[in-house]
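Add chain B to chain A, keeping to what the hints say.
Residue numbers (the numbering used here), protein chains in the order written: chain A, 222 to 812; chain B, 222 to 812.
Check each hint, because a few of them may be wrong.
What the hints assert, rightly or not - Partial list, computed: chain A residues near chain B (C-beta under 10 Å):
hint	residue
1	L230
2	Y231
3	L662
4	E674
5	T810
Claimed, not checked - Below are the BS3-like pairs computed for lysine-lysine, each with C-alpha atoms no more than 30 Å apart in a straight line:
hint	chain 1	residue 1	chain 2	residue 2
6	B	K657	A	K624
7	A	K440	B	K657
8	B	K739	A	K701
9	B	K657	A	K657
10	A	K650	B	K585
11	A	K686	B	K657
12	A	K728	A	K751
13	B	K476	A	K793
Simulated from the structure, these hints should not be mistaken for lab results. Note that the structure is predicted; figures quoted are calculated from it, not measured. We treat Cβ as the ideally placed atom computed from N, Cα and C, and that holds for glycine.
There are 2 protein chains.
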Amino acid sequence: MCTGKRTLLYDFTAEPGNNELTVKEGETITITNPNIGGGWIEAQNSRGEIGLVPEDYIEVKQKIAVAPAPSVGNTSVYSVFSPSRLVSSLFFPVSFSHSLFQASNGNDPWSVWNADPSGGSSNNWASNPEGTQTGKSAAPDPWASVSHGHPQAYQGPADDDEWDDEWDDVKSTGGYAESETGEGGAMQRGGAHATSMKIALNKFPGFSKSGPELYLLCKQLAKGKDRLPIYMGEVGPVWFYPETQLDCVVADPKKGSKMYGLKSYIEYQITPNTTNRPVNHRYKHFDWLYERLLDKFGSAIPIPSLPDKQVTGRFEEEFIKMRMERLQGWMTRMCRHPVVSNSEVFQLFLSYKDEKDWKTGKRKAEKDETVGVMIFSTIEPEASDLDPVEVEQKCEQFSRFTKAMDDGVKEILTVGHEHWKRCTGPLPKEYQRIGKAFQNLSSVFTSSGYQGESTLTDALTAAGKTYEEIAQLVAEQPRKDLHFLMETNNEYKGLLGCFPDTIGVHKAAIDKVKEGDKLVATSKITPQEKVTMAKRLSTMSYALQAEMNHFHSNRIYDYNRVMQLYLEEQVKFYETIAEKLRQAHSQFTTM
Amino acid sequence: MCTGKRTLLYDFTAEPGNNELTVKEGETITITNPNIGGGWIEAQNSRGEIGLVPEDYIEVKQKIAVAPAPSVGNTSVYSVFSPSRLVSSLFFPVSFSHSLFQASNGNDPWSVWNADPSGGSSNNWASNPEGTQTGKSAAPDPWASVSHGHPQAYQGPADDDEWDDEWDDVKSTGGYAESETGEGGAMQRGGAHATSMKIALNKFPGFSKSGPELYLLCKQLAKGKDRLPIYMGEVGPVWFYPETQLDCVVADPKKGSKMYGLKSYIEYQITPNTTNRPVNHRYKHFDWLYERLLDKFGSAIPIPSLPDKQVTGRFEEEFIKMRMERLQGWMTRMCRHPVVSNSEVFQLFLSYKDEKDWKTGKRKAEKDETVGVMIFSTIEPEASDLDPVEVEQKCEQFSRFTKAMDDGVKEILTVGHEHWKRCTGPLPKEYQRIGKAFQNLSSVFTSSGYQGESTLTDALTAAGKTYEEIAQLVAEQPRKDLHFLMETNNEYKGLLGCFPDTIGVHKAAIDKVKEGDKLVATSKITPQEKVTMAKRLSTMSYALQAEMNHFHSNRIYDYNRVMQLYLEEQVKFYETIAEKLRQAHSQFTTM
Numbered sequence: 222m223c224t225g226k227r228t229l230l231y232d233f234t235a236e237p238g239n240n241e242l243t244v245k246e247g248e249t250i251t252i253t254n255p256n257i258g259g260g261w262i263e264a265q266n267s268r269g270e271i272g273l274v275p276e277d278y279i280e281v282k283q284k285i286a287v288a289p290a291p292s293v294g295n296t297s298v299y300s301v302f303s304p305s306r307l308v309s310s311l312f313f314p315v316s317f318s319h320s321l322f323q324a325s326n327g328n329d330p331w332s333v334w335n336a337d338p339s340g341g342s343s344n345n346w347a348s349n350p351e352g353t354q355t356g357k358s359a360a361p362d363p364w365a366s367v368s369h370g371h372p373q374a375y376q377g378p379a380d381d382d383e384w385d386d387e388w389d390d391v392k393s394t395g396g397y398a399e400s401e402t403g404e405g406g407a408m409q410r411g412g413a414h415a416t417s418m419k420i421a422l423n424k425f426p427g428f429s430k431s432g433p434e435l436y437l438l439c440k441q442l443a444k445g446k447d448r449l450p451i452y453m454g455e456v457g458p459v460w461f462y463p464e465t466q467l468d469c470v471v472a473d474p475k476k477g478s479k480m481y482g483l484k485s486y487i488e489y490q491i492t493p494n495t496t497n498r499p500v501n502h503r504y505k506h507f508d509w510l511y512e513r514l515l516d517k518f519g520s521a522i523p524i525p526s527l528p529d530k531q532v533t534g535r536f537e538e539e540f541i542k543m544r545m546e547r548l549q550g551w552m553t554r555m556c557r558h559p560v561v562s563n564s565e566v567f568q569l570f571l572s573y574k575d576e577k578d579w580k581t582g583k584r585k586a587e588k589d590e591t592v593g594v595m596i597f598s599t600i601e602p603e604a605s606d607l608d609p610v611e612v613e614q615k616c617e618q619f620s621r622f623t624k625a626m627d628d629g630v631k632e633i634l635t636v637g638h639e640h641w642k643r644c645t646g647p648l649p650k651e652y653q654r655i656g657k658a659f660q661n662l663s664s665v666f667t668s669s670g671y672q673g674e675s676t677l678t679d680a681l682t683a684a685g686k687t688y689e690e691i692a693q694l695v696a697e698q699p700r701k702d703l704h705f706l707m708e709t710n711n712e713y714k715g716l717l718g719c720f721p722d723t724i725g726v727h728k729a730a731i732d733k734v735k736e737g738d739k740l741v742a743t744s745k746i747t748p749q750e751k752v753t754m755a756k757r758l759s760t761m762s763y764a765l766q767a768e769m770n771h772f773h774s775n776r777i778y779d780y781n782r783v784m785q786l787y788l789e790e791q792v793k794f795y796e797t798i799a800e801k802l803r804q805a806h807s808q809f810t811t812m
Numbered sequence: 222m223c224t225g226k227r228t229l230l231y232d233f234t235a236e237p238g239n240n241e242l243t244v245k246e247g248e249t250i251t252i253t254n255p256n257i258g259g260g261w262i263e264a265q266n267s268r269g270e271i272g273l274v275p276e277d278y279i280e281v282k283q284k285i286a287v288a289p290a291p292s293v294g295n296t297s298v299y300s301v302f303s304p305s306r307l308v309s310s311l312f313f314p315v316s317f318s319h320s321l322f323q324a325s326n327g328n329d330p331w332s333v334w335n336a337d338p339s340g341g342s343s344n345n346w347a348s349n350p351e352g353t354q355t356g357k358s359a360a361p362d363p364w365a366s367v368s369h370g371h372p373q374a375y376q377g378p379a380d381d382d383e384w385d386d387e388w389d390d391v392k393s394t395g396g397y398a399e400s401e402t403g404e405g406g407a408m409q410r411g412g413a414h415a416t417s418m419k420i421a422l423n424k425f426p427g428f429s430k431s432g433p434e435l436y437l438l439c440k441q442l443a444k445g446k447d448r449l450p451i452y453m454g455e456v457g458p459v460w461f462y463p464e465t466q467l468d469c470v471v472a473d474p475k476k477g478s479k480m481y482g483l484k485s486y487i488e489y490q491i492t493p494n495t496t497n498r499p500v501n502h503r504y505k506h507f508d509w510l511y512e513r514l515l516d517k518f519g520s521a522i523p524i525p526s527l528p529d530k531q532v533t534g535r536f537e538e539e540f541i542k543m544r545m546e547r548l549q550g551w552m553t554r555m556c557r558h559p560v561v562s563n564s565e566v567f568q569l570f571l572s573y574k575d576e577k578d579w580k581t582g583k584r585k586a587e588k589d590e591t592v593g594v595m596i597f598s599t600i601e602p603e604a605s606d607l608d609p610v611e612v613e614q615k616c617e618q619f620s621r622f623t624k625a626m627d628d629g630v631k632e633i634l635t636v637g638h639e640h641w642k643r644c645t646g647p648l649p650k651e652y653q654r655i656g657k658a659f660q661n662l663s664s665v666f667t668s669s670g671y672q673g674e675s676t677l678t679d680a681l682t683a684a685g686k687t688y689e690e691i692a693q694l695v696a697e698q699p700r701k702d703l704h705f706l707m708e709t710n711n712e713y714k715g716l717l718g719c720f721p722d723t724i725g726v727h728k729a730a731i732d733k734v735k736e737g738d739k740l741v742a743t744s745k746i747t748p749q750e751k752v753t754m755a756k757r758l759s760t761m762s763y764a765l766q767a768e769m770n771h772f773h774s775n776r777i778y779d780y781n782r783v784m785q786l787y788l789e790e791q792v793k794f795y796e797t798i799a800e801k802l803r804q805a806h807s808q809f810t811t812m
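Looking at chain A on its own, in the form it has when it is part of the complex (with noise of 0.2 Å):
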């Protein structure tokens, strides 16, 4: 039970509403309580405030023996996890210290292929103090927030501590569960893809560099429910969409407490258009879930990341509003896509009973084995098989469209970022002045003594009134459309973000399928093999055909659908101004 003073490693921003204290690297801070658990200690500042700090972030004089907090295996934990945030502490810090969107997908994965020239502009978000700064005008700008100089992953621990109560089962089950769900769960947090496909590939003892292959040469197929069939629709392999699709609300963030009120959590209340009832679930239940979805079918279709842990605001309801509507916008994709609403784990999660059917359903899910490449197995197209040279040409079509989209989403987030600065920054405070000039003047003439002077007076007045009005319109526009433009292609920008990992996991099948002479040659394979990989090649690629035609049909709505509120709000916009203005001339007079 060691307290006293201790100097911090790294800076830590407390995230809202966690009782959390921000702290900054080379601080020195005094522990007032150890024993919190889950890889939190109680602190207090130079400035006498108290709240909870990452015990990681603290130098270790000596390692800080912390007591079991009630329900909660703290130490267990603690041991899964701090290999994970080493990791990330020491490869992402800078990737991680840009924007939120550079954040929400983790480091570029582009990079891995080709320098991204677009990856420099979100840097500059961060790298620009200005970000910060609008902050502080009329609407605050969500995407010049910016985590916070120390990698996502860190922020783990905030709700990890909490896993444990429910996860003790988990634990049980030994082998890879911890170590994913510890690595993954942290990674995830960065929304690094590339470290959780290797996650599902590993997973398989002696695959872990030869991912494909467990598919490709596996000696059965799955059989039954599970089954993915994939029809012929008029633009090409499409998935099987269900008549009615699956909808949800993410509604009523309410906030529970636990740990003597020591550490509070948001529960957000889900209704799925199906049973029409109610389920609540935290966001580390969302996040439970997303690491399912991701290890079930992320070789096949790109998972987009959880909205980042990290989305701040300046006050706790404008982040908890914000993150709620990002949880409700992966909700939607989620419920939108075909394999993946009609998948166990995602109804478990929309529309579990009880807590004993939730807990039941969770460990069944865990134990999932079709994961990874094999989701493969279960993909069953009506058509004939492809040839490989063609199956190539798609993959490589593919990688082109993803990677370019990639960038013309990233130039709309940085030219967005930037318009949103000077209408909530310089231009509002231009009108503003503007305003004032017109009325400082008009109060001059109000004292010149000559008679009839006041219809001008009053006139000037009016005018100036306006400009202000003007420059508050200007002000809160960005809220009111480029806030969804912005939010639409930072989720496009997450979802771009997969496809490199999913498209890799083909490439990867690809090259195994050209090396099938050279392996049945030195006989690694039969010559049977070699024509079955050729065929659950062709598999994978409708599969990989089918995931695309449902990303560009949803894409081409999306972009519609944006493009409308956009423009409308827009158009609203220039005509509340011009009336205002029309108003203000009407009321000067030259007889």
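For chain B alone, coordinates are given in the frame of chain A:
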């Protein structure tokens, strides 16, 4: 006859269309022709460019002997002008190196009274580097133009050589005219009214320091047609206003040249609504008129400076257009003034029949003795005499108001200038980038190979183009509205800059009258003269009130009009944008 290399003592910026050569202090040039005359020499710079440079700007190794150019008595002129140039170069480099506003009414006359807060604001403009930068953008900002680091007065030579051919006669009238036109002429280009006032008062030996007495104590007042009646109107004392208001159109600038085409000049066509017969005048003629009006009416009526010679534009056409516009503004204001417009010299300027008529009229005007404070001797108020206390109160009130309005006007100019820069600089660039971002994304989408893409991509491209059009609109808008708001306020800034002098004369008179008893006691004046002084002070006060009432009625009209114009254009601007966006919106669809 000396040629060869010379070093420049000051920067000199060529005035467009005058075959002048821009040179920098310290630069070495080669004199290619020292015999241009009029204080000019022809020189070649290191880049081989040849043009005219003022002789005085060049380091004097040995006095350059100037051979009289045909029809030009240069040496005499030269000697006449150089002293004043020297004076101004010593006194004004700082104040004149400000923006053209600053220059247009010389070094802030208010500063003599008390520290002028907004004086600083004017300086900002010049000191602001962006100022010039905007010159490069779509709509160059005339407000950003600054006199290029050397006193305005130095520009004198640019026209002075052309004065002489018509001024030899004046010179021959000996005495004051020479030094006056010399000093006054040079000073006037800087518009330093304090100085010009002094000139008017200095004109009569012995009264140099006691201007007002000249009138307060003069033996007999002017008779006949010169008289200026003052009536009591609704608003108080008013000048006599003619039924039909004089007006004129300044148009059709034509380029002329002289000295074998080495020096060119612009001739404007002025057509008064009275004769409807156009007369031609060059800038120097306006300048001559200005000086006559200033001498004659300056004590009673603020005569605004001519538009600054240094108005610069990127292109000659722009420069000429701008100067013409401002000469028009100046003439309109003079035409609107019942006293000025009715004066003989003004009528001469507008409607001389031929060269002979013009020259005779000029000579007469220059011999006019009813100048300076003597103008009051022609004023005849119909109302009864005012009490000196009341006179002082009125005077104080006017001086407070004009000072306050000067501040208000300067504020609008500062703010307007900032806004101009934003609208022509960063803002359109941003809209352009938004437009590009949309178009880029559109072209990425086109490459999707997915069918049914075109509706979105067409709409997205159209939206992108729309924002590029908006960028254009934004950049061009200031020329359509802000320009006139700025011009009007700039004009008023110049006008207000004259009041300290006009009011100063009154304050001097008031003080003198206050000394009345003392002067009688010390028998400097007779009791009768004391009574006369009070009576004449009352006359001066009526003149001042009439002038203030004239100013107020014009001001109310001008500001109503310019605000109407400004807001009208602003409304159009925002409506146009709204309409464009509405069209862009209509192309998106989410069926």
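Okay, the hints, checked on the actual structure:
1. A least Cβ separation of about 40 Å between L230 of chain A and chain B goes past the 10 Å threshold, and the interface hint is therefore violated.
2. Below 10 Å, beta-carbon pairs count as interface contacts, and Y231 of chain A has none with chain B, the closest being about 36 Å; its hint is therefore violated.
3. Nearest Cβ of chain B to the Cβ of L662 of chain A: about 4 Å, under the 10 Å cut. The hint holds.
4. With 10 Å as the threshold, the beta carbon of E674 of chain A comes within range of chain B, its nearest partner Cβ sitting at about 7 Å, so the hint holds.
5. Contact between T810 of chain A and chain B, as hinted, is supported at the beta carbon level, the nearest pair being about 6 Å apart and thus within 10 Å.
6. Taken as a hint, the K657 of chain B and K624 of chain A pair is honoured in the structure, with Cα atoms around 18 Å apart against an allowance of 30 Å.
7. For the hint linking K440 of chain A to K657 of chain B, the alpha-carbon distance of about 52 Å lies beyond 30 Å, and the restraint is violated.
8. Of the pairs offered as hints, the one joining K739 of chain B and K701 of chain A is violated, with about 76 Å between alpha carbons and a cut-off of 30 Å exceeded.
9. Proximity of K657 of chain B to K657 of chain A is assessed by CA-CA distance (about 35 Å); at most 30 Å being required, the pair is judged violated.
10. Note on K650 of chain A and K585 of chain B: the hinted pairing is violated, with a Cα-Cα distance of about 56 Å set against a maximum of 30 Å.
11. With a C-alpha separation of about 35 Å, the suggested pair K686 of chain A and K657 of chain B falls outside the 30 Å cut-off, and the hint is violated.
12. With a CA separation close to 17 Å, the supplied pair K728 of chain A and K751 of chain A stays within the 30 Å bound.
13. Our distance criterion of 30 Å between C-alpha atoms is broken by K476 of chain B and K793 of chain A, whose separation comes to about 50 Å.
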